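**Q** Residue strings, one per chain:
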Amino acid sequence: MSAAAARDRTGWLAVPAVAYLGLAYAIPLAFLLARSVTGPDGFTLALFAKFFADPFSWRVIGNTLRIGLLTTLLCLAIGYPVALAMARSKGIVQVILLTAIILPLSIGVVVKAFAWQIVLRRDGVVSQALVASGIWSEPQRLLFTEGGLVVGAANVFLPFMILPIYSVVKLIDPRLTEAGATLGASPFYRFRKILLPLTLPGIISGVAFVFSMSVSMFVIPSLLIGDRFQMLATLTGRAFLLMRDEALGSTTAVVLLILALSIVVGSTWIAKRLGKSA
Amino acid sequence: MTSNTRSDGINRRTILAGFGAGTVASLGAPQILRAQTRELVVGGAASHKAWVETHVQPLFEKKYNAKLTFEGTRSLVNLEKMQKNKDRPYLSVVQMDDPVMILAVKEGLLDPLTAAKAPNLAKLKPGTVHMDGQWANYLQPWQGIAYNTNVIKEPPTSWADAWDPKYKGRIIIPSLQNTEGLANLFVASSIATGKPMAEAMRDTESGFKKLVSLKPNLLTVYNQMPQAFSLLEQGEAHMIVGALSSFALQRRLDGAPLGLAAPKEGIFPVPSGIAVVKGGPNADLAFAYVNELLGAEVQNKIAPPTFALPTNVDVPIPAGMPTNATMHTIDWAFVAENRNSWVQRWDREMSM
Numbered sequence: 001m002s003a004a005a006a007r008d009r010t011g012w013l014a015v016p017a018v019a020y021l022g023l024a025y026a027i028p029l030a031f032l033l034a035r036s037v038t039g040p041d042g043f044t045l046a047l048f049a050k051f052f053a054d055p056f057s058w059r060v061i062g063n064t065l066r067i068g069l070l071t072t073l074l075c076l077a078i079g080y081p082v083a084l085a086m087a088r089s090k091g092i093v094q095v096i097l098l099t100a101i102i103l104p105l106s107i108g109v110v111v112k113a114f115a116w117q118i119v120l121r122r123d124g125v126v127s128q129a130l131v132a133s134g135i136w137s138e139p140q141r142l143l144f145t146e147g148g149l150v151v152g153a154a155n156v157f158l159p160f161m162i163l164p165i166y167s168v169v170k171l172i173d174p175r176l177t178e179a180g181a182t183l184g185a186s187p188f189y190r191f192r193k194i195l196l197p198l199t200l201p202g203i204i205s206g207v208a209f210v211f212s213m214s215v216s217m218f219v220i221p222s223l224l225i226g227d228r229f230q231m232l233a234t235l236t237g238r239a240f241l242l243m244r245d246e247a248l249g250s251t252t253a254v255v256l257l258i259l260a261l262s263i264v265v266g267s268t269w270i271a272k273r274l275g276k277s278a
Numbered sequence: 279m280t281s282n283t284r285s286d287g288i289n290r291r292t293i294l295a296g297f298g299a300g301t302v303a304s305l306g307a308p309q310i311l312r313a314q315t316r317e318l319v320v321g322g323a324a325s326h327k328a329w330v331e332t333h334v335q336p337l338f339e340k341k342y343n344a345k346l347t348f349e350g351t352r353s354l355v356n357l358e359k360m361q362k363n364k365d366r367p368y369l370s371v372v373q374m375d376d377p378v379m380i381l382a383v384k385e386g387l388l389d390p391l392t393a394a395k396a397p398n399l400a401k402l403k404p405g406t407v408h409m410d411g412q413w414a415n416y417l418q419p420w421q422g423i424a425y426n427t428n429v430i431k432e433p434p435t436s437w438a439d440a441w442d443p444k445y446k447g448r449i450i451i452p453s454l455q456n457t458e459g460l461a462n463l464f465v466a467s468s469i470a471t472g473k474p475m476a477e478a479m480r481d482t483e484s485g486f487k488k489l490v491s492l493k494p495n496l497l498t499v500y501n502q503m504p505q506a507f508s509l510l511e512q513g514e515a516h517m518i519v520g521a522l523s524s525f526a527l528q529r530r531l532d533g534a535p536l537g538l539a540a541p542k543e544g545i546f547p548v549p550s551g552i553a554v555v556k557g558g559p560n561a562d563l564a565f566a567y568v569n570e571l572l573g574a575e576v577q578n579k580i581a582p583p584t585f586a587l588p589t590n591v592d593v594p595i596p597a598g599m600p601t602n603a604t605m606h607t608i609d610w611a612f613v614a615e616n617r618n619s620w621v622q623r624w625d626r627e628m629s630m
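In order, the protein sequence lines correspond to chains A and B.
Using the numbering used here, you'd call the opening residue of the first sequence number 1 and step up by one each time.
Using the numbering used here, you'd call the opening residue of the second sequence number 279 and step up by one each time.
By construction, these hints were calculated from the structure, which means they are not laboratory data.
All figures in this text were calculated on a predicted structure; none of them were measured in a lab.
Cβ atoms here follow ideal geometry from the backbone N, Cα and C, with glycine treated the same way.
Selected chain B positions facing chain A (in silico; Cβ < 10 Å):
no.: 1; residue: L454
no.: 2; residue: G459
no.: 3; residue: R626
Taking lysine-lysine pairs in the DSS-like style, the calculated list, with each CA pair at most 30 Å apart, reads:
no.: 4; chain 1: B; residue 1: K384; chain 2: A; residue 2: K50
no.: 5; chain 1: B; residue 1: K395; chain 2: B; residue 2: K327
no.: 6; chain 1: B; residue 1: K487; chain 2: A; residue 2: K50
no.: 7; chain 1: A; residue 1: K193; chain 2: A; residue 2: K90
no.: 8; chain 1: B; residue 1: K493; chain 2: A; residue 2: K50
no.: 9; chain 1: B; residue 1: K327; chain 2: A; residue 2: K112
Given only the sequences and the hints, what does the whole structure look like? Please build it.
**A** Next up, the structure:
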């Protein structure tokens with residue numbers, strides 16, 4: 001048996017996962033898609049036309065995209081330096097950093113939401129620190145604001161930004177930046193011209209993960225901002241669970257799916273292009 | 279040749295025979311027992327499991343020589359179970375919120391209660407038997423204003439207190455997607471128009487306009503009750519307007535610094551309905567179970583621990599419950615017709 005044939009056979013290892021995804025994900029998704037384009041007289045796009053004709057729908061889409069974008073940017077801003085530090089650290093420091101990133105994943109969102117409630121309340125540490133530093137003259141509301149939601153969501157999704165970047169940085173030869181330094185390049189120039197382009201695939205993967213999870217989050221907004229702020233996922237949940245409006249629920253779910261899918265496909269395309277040009 | 283027979287006369291064959299007989303006995307016994315003891319499956323709220331198992335189950339099982347299984351979940355999940363198993367129902371009784379009962383009635387899932395099948399129907403307070411006996415209320419937890427006693431020393435006296443500017447950013451109300459969220463819509467209408475509550479409940483236009491003016495005072499609109507109470511107990515919120523007695527008074531009993539006021543305009547019942555599933559197993563047992571929950575013996579047991587008002591006229595109001603407050607009756611059929619459009623309007627007008 002040739003090596004190529006042996007390699008081909010390893011593809012069968014994916015069968016259980018593919019079968020599982022087909023049963024648990026693809027089939028229900030197909031039903032959902034079918035429901036969103038079915039009317040009393042058969043195929044129709046009327047549900048989408050109705051949805052997009054409503055200004056409220058655009059507000060919800062705007063909320064979803066804005067929160068997704070802000071959460072992703074915050075995760076990137078915090079996560080990128082952490083990923084660099086982790087990749088360049090050694091021994092026990094690296095273990096501690098990795099544990100600090102991965103361990104919070106085991107804590108449920110509900111627990112985190114209650115924790116944020118304590119941190120962000122008017123007599124909480126953040127508010128007290130802002131008053132003590134003179135930035136605020138008196139404690140103000142931080143809970144149940146868009147800012148609170150973004151901070152809370154970033155807390156949950158941060159590992160999904162750090163880990164892809166970390167795995168890419170680990171593969172970069174540190175001597176490349178050292179060579180730049182010996183040639184007189186400033187730290188900022190070395191970062192912009194050497195490190196950043198090489199870490200772009202990791203950044204794009206992280207952005208795709210965090211953005212797609214942020215736009216489709218359901219429990220986090222319910223707990224951190226309440227019922228006064230609607231995103232596509234919360235609207236979908238409400239349509240199915242409360243209003244029993246399958247038409248609305250399947251329409252919003254498909255819009256959300258297309259949104260998340262285009263981010264993943266778009267970022268994969270960008271990553272491939274960068275890979276070719278690198 | 280070695281012998282398989284031991285000195286006590288037990289050989290491999292007798293052991294195998296004994297094992298086989300034991301297996302048959304152990305497998306067969308439950309069937310025999312099941313034939314003697316019928317099972318009743320009741321679908322209800324997860325939070326009801328404790329009092330059902332403590333106060334109702336032993337009494338029912340002994341009295342009727344039956345086994346009671348309580349499946350604790352949410353009202354809408356129970357509805358789903360009834361819909362999906364319509365041809366072969368396995369639930370016999372459901373304990374659900376009244377708005378969900380209406381959906382069940384619309385889909386023909388309930389077997390109406392009659393005085394012949396549940397004699398205690400005759401003992402219920404007016405307004406607690408709905409849609410010609412499709413379901414009845416066995417208890418009435420109530421909605422008032424929960425307040426933090428560390429911050430508010432005098433209990434609020436009116437629902438209108440929520441609009442006081444001194445509570446800017448300190449008020450929590452339930453979402454309209456929660457059953458208890460409807461009270462604020464009706465109260466707002468009554469405050470805005472001065473109409474009696476029964477009339478104001480139909481004027482939701484005025485209710486929405488008044489509710490919008492509450493926005494500056496809102497800390498949040500909850501759909502997760504424990505979180506709302508946590509904020510109240512921490513002092514971040516000062517009042518939960520439209521809070522449930524069953525939750526608030528239990529928290530107070532557990533030592534939380536909060537009180538529950540019954541405002542002068544009256545209080546709202548939180549509909550705890552019970553109904554028999556059409557075509558469900560052991561219909562006679564199902565009606566007997568409903569009759570027990572509507573009866574004085576069970577209501578005397580379950581009203582105090584659930585901080586609810588009894589619906590049976592022979593049962594005294596438990597200590598600590600409001601005795602003189604007006605209890606407003608909600609027209610759930612009217613709610614069912616309009617709720618989705620109200621929720622859609624709520625999303626648009628109450629959003630940040």
